[in-house]
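Chemist: Given next are the chains, with one letter for each unit.
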Amino acid sequence: MVSSKVAIVLLQGDGEAGTPLVFDIESIQKLRSIGVAGILTGTLPSATQQNAFLSVPLRLMAEEALWLVEKQLGYLVHGDQMVHTAAGAIRAEGMKEARDELERSFEAQREFKRQQHHEKLRRLGVKDECRAEAETDYSRLLESSLFVETCDSSTLISQRQREFDKPEIQARLAQQLRTGCKSQGDFHVYKTLREQGYFLSPGSRFGGRFIAYPGDPLRYHSHMTVQPAMDYRKDPLDLLQVVSGGRLGTGVKKLWVVGGVKDNDSTEDESERVSFFSVEWAGFG
Amino acid sequence: MNELDEGSFIPSSLLDSDDDADELPQDWSHIAKLSRGQVVVPKRGEKDYEPDGTNAQEMLLHKAKTAMFDSLSDASRGSVVKNLIKAYYVPDLHKACVPHPKGSFMHTMGKVDRNGSCWLSFFEFVYLAERGTITPYYKRKERDDHNLDPLLGIQDLYMLFKSQKESDEFAVYAHLKRLGFIVMQSSQNSAGASSVEQEKDSAVQKLRLRFCQTFESLSGSVSNPFNLPFYHPLQCHLTRYCTSAQIYESLNKLIPYIAAPKTQEELQKDMCTKNDSAGKWEFSFDVWKPQSNFKKKTPGLPDFQVVVFNKNSQKENFPTYHEMRGLLKMLRCKMDFLSGQANEQPNPTKTEEAKGGAKKKSKANKKYPPHIEQQRRIKRGYRSFVLATMDDGLVSFIKITETDFGSENVWFKPNNAPVRKEKGKPKGSKFNGEVIESR
Amino acid sequence: MPKYVPNAKRYKYPLPIHPLDQLPAIKPYNPISWVYWLYCYTFSTNQLASKIHAEFTNGKHLTVTGPEDMRYLWENGFFGTAQLSRSEPTWKKRTMVRLGLSEGSTALEHITEKRRTERLKFKQERSRFEAIKLDMRQRGIAEDQILAEERAFLKSLREMEKVFEEEGDVHLREVDEELFGPDEQLMDMEVLELMPVEGIFLTFALPVLDITVEKLLENLTGGEPSYADIHELCLKYVAYHHYRSHGWCARSGIKFGCDFLLYRRGPPFQHADYGVKVLEACKPFDTTLFSGAARVLSGARKPFILCYVELQKPESEVLEFWRQGRLDKVFCSYKVGEASYRRWVPGKNRD
Amino acid sequence: MDNQHIVRLVRNNLVHQQLWNDVEEAKLVDTNLWVLRGLPSHKLSNDDPQLEHEWILPVELSQYKPGKLTLELMDKIFSELECRRVTLGIANDDGTVVYYFIYKGLHKPKRN
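Residue numbers (full-length UniProt numbering), protein chains in the order written: chain A, 1 to 285; chain B, 1 to 439; chain C, 1 to 351; chain D, 1 to 112.
If we strip away everything but chain A, and leave its shape as in the complex, we get:
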């Protein structure tokens, strides 16, 4: 089942937790189908002058990445030296293979374009004898219009990155990622909501840690602004935040939600780990 897991690249320097990214569009599609939307952050080549519709890489929240690893749906890949090593290890045969690959892609493009061209000429009713002449011109034109693609995923390290999918490596990377988060409790809040079917996205713009959607954000309005996790027993509810949160929620039609995380050592059921409360302005006073 290794192949079906999504590779999550952790960008990190020395001793850093890492920024989780996904580069492969099929993987992104798969994540979406299991309730992980993430945020696209790269320039969309077909519309490079705007920020509303972006392309790969897909950036995940640390909590998302950790949940995917825990659920065996994804695995973490890291190594700032990996590209250097892979590039250095390439031998002449390797490069030849890459060039052959490019040539094959060109050949396919030529084939496709010629066919289209012929099709067009036929439709226009150009006679066969005139065609031969046009053909040489066209060939020159065609050669310069062949497309060299910059791929989303790496071909250099595609073999190497699979080797990261081993329990002990995953445990280490996950631990590293987890300790770099501002709040440890947020993971439990994320997990509980995710497993109840909510889609979550980063929520700082609405004054929260997460925004929760009842289904795919492409189709549904968000329902809640989820606050950073609280300690169930120790942290007092900040009433000033309740007041502004509740008012804000009324305006944007989102409930203001707090989750209290119970201690690690408690024997309670995992699903009882977080206790949620939803706050809403009562409409008077």
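Just so you know, these hints were derived from the structure itself, not from any lab. These figures come from a predicted structure and were not determined experimentally. Accuracy of the hints is not assured; some may be wrong.
[Stated by the list, open to error] Stretch-level coverage of chain C by chain A, calculated; a stretch enters the list once three of its residues show a Cβ under 8 Å from a Cβ in chain A:
1) 248-257
2) 330-339
[Said to hold, decoys possible] What follows is a list of derived Cβ distance ranges for each label pair:
3) Asn409(B) with Glu195(A): 55 to 61 Å
4) Asn409(B) with Tyr39(C): 28 to 34 Å
5) Arg380(B) with Asp176(C): 51 to 57 Å
6) Glu46(B) with Lys313(C): 57 to 63 Å
7) Gln314(B) with Gln270(C): 40 to 46 Å
[As the list claims (entries may be wrong)] Taking lysine-lysine pairs in the PhoX-like style, the calculated list, with each CA pair at most 25 Å apart, reads:
8) Lys60(C) with Lys27(D)
9) Lys255(C) with Lys60(C)
10) Lys133(C) with Lys215(C)
11) Lys334(B) with Lys296(B)
12) Lys379(B) with Lys191(A)
13) Lys27(D) with Lys108(D)
14) Lys121(C) with Lys43(D)
15) Lys27(D) with Lys68(D)
16) Lys60(C) with Lys68(D)
17) Lys253(A) with Lys108(D)
18) Lys329(B) with Lys289(B)
19) Lys413(B) with Lys367(B)
20) Lys302(C) with Lys51(C)
21) Lys302(C) with Lys262(B)
22) Lys334(B) with Lys51(C)
23) Lys102(B) with Lys289(B)
24) Lys30(A) with Lys274(B)
25) Lys274(B) with Lys283(C)
26) Lys191(A) with Lys96(A)
27) Lys399(B) with Lys262(B)
28) Lys133(C) with Lys108(D)
29) Lys348(C) with Lys379(B)
30) Lys110(D) with Lys253(A)
31) Lys182(A) with Lys295(B)
By construction, the Cβ of each residue, glycine as well, lies at the ideal position given by its N, Cα and C atoms.
Since the structure of chain A is already known, use the hints to place chains B, C and D on it.
Modeler: What follows is chains B, C and D alone, placed relative to chain A:
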């Protein structure tokens, strides 16, 4: 196509991901039209409250997803052989070299060396590769032969970021670049300033510093003279206040405040006072508004400077006031509030300000009554910088502006109040601007 | 008709301590006028004829109960908040109207109440339509037809809005009987509450309340406070005094998630201009703390001011001043610095 | 947490400003907290099936001290009252009382 013109048909609601209209963009069916250059008015409010189990809704969601993923996979990055611009990443320099540079990106990006090669910073390299403007390769140091330099994918490029901070900064860089802003890395920019100039500067700097220090110590003793009991019960028997202003003035001596520098002189004084409060903060980018006559070599002062901050990283926090002040002292950019002054007292060393303010001058120099002028001053504030906040992929920008309520007194003065004129009936001098009670 | 008092006259003075603006004119050619002026000057005082009575109820709540006193504090600088109204004490007037005791103008709360009922009705209509829509979808009716239905529905809502008519009924509840004293007159249940910072301002900075500084401090922070006990209150007061003393009318910003709202003159004249959050200068904060308040405020088009207050002396020294009741020395040990926080949208700042 | 001193304040506000009916005071056994119970003058939300008695928990917001209302305490209150929502009656230090619904668990926002 020119980088600037391209953006003009895109509605402003699409420009920024953190649009007011809530949430994330949803309708990818527009993007196909967008890339064909048609004017697109994004539709809003087509979302549902929650899944209701109907097929119709399923269908709509399916359509939305298809539109999204089709747009993603149809938009492949790269260029045709004719326009191919190869850029080679040089690992030791963490930069990329374009041996045969061409194209409009060179107006605002890269540095051309003696051999005619263009050197791209790592951000420029990744950004241009993402757009499909250049084709990225990895330069293997032991070989001159490019035939053995492998082609890189987007994933490879990202994996070459040296730290989380660098990748966060790149996200902000790309966000601004996509909108047509001209963005330079701040450190890169100042390092580029000629060393001679810097040396000359430092001599002057030292002189100024000494002056400022004496000034500081003097003003320090003056600004806090308050050691008398403030509102002593006897005060009311000894002093008579004849106007509300006098009462206010006796009250507002109590709390010391930090006054913002408001003129060239005050700014220079502030800049050369000791600055150790910025901590680890420094500006990431110098940013210029989109402009067609930009000169890389003599860019002038940037329109604003940006710091980047990751709100979810354990290592980072929203800047404290001390850190903000430290950043303000380091600020080297155009300052709107000076534009009016530059006109009155031309200063040859600061022509940039005058130039930058020229466009706005007509607006800024328009005379308002003093109390309106005052409100505008308070509201606009003084020095400012932009704080780009990274929230797991969503970037939002906050403008932090030094404000100064302490230097202004806004109590109501009946004599300055706008006098409402009654038609055809000139007011008597005794009237004093107040409306007479009506029965 | 009740006598109309224009705002400019009613709120003539920005502070409860008035200047001596009734002094006679001096005529340079008339020495008698000089003497008369001097006489008036000597025997005039800025002091109130009698200080306003304030007391602590329910522990820390500093309240003013005299109807005249409540009015005075409201009209001279907008101090305090009436517990049964939004800001100005209007409860008695409103209740008279509600119980049909006298005729008068409709108070603000009455109008909002009515609007709320209307809004609720509209919303009921909306949810009824949502159900219809769901039903149509379940029956597989085409989307554009549903949209057309929706447009028609929205139109009908607007019609309904137009024809909404007034209704006024008076009924006395059982519990309302506690409002009447032995003399069968409506009692004023309303009291004016002062924020702790307002209490300090009207005791220490201006001699307005009949309460001593010592008693005030004891009630606010206890007899033997530590520095931690007084810290927050000091920060808030320093900021409050700063704005008040430069002429702003500062009132609680609680409903906007911040500490103070600043008005140029006061609530009857215009909406608040700024929202202020008081912070410690050297303490790091979580961004969530700001972004909520910033959104609420920007929704109301009010700039958001971060007011940083910094202690410049050792804590022990300040605490000692506090214990001695030397509030002047306490508060001038702090320094104020300000920055504004606003969302910046690059796309709107390109030219 | 102790809220006895503000019960009257919130009660008067409910009765005389918000015009609620049948407002009663009660003390909880588990937590020693005072709560109010009363009937609003009109339906508070369209999502409510009908006009019902509401539970109100008076709490004090002091800007100078952090509160003591933990989520654990909230859970105790809910389990003793056995209701779907509690209304927080927040007494501010400026004299106003504001009201916020607090629901146990995740609750959906109003549709409109």
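Chemist: Tell me, which hint numbers fail for this structure?
Modeler: 2, 10, 12, 13, 20, 22, 24, 26, 31
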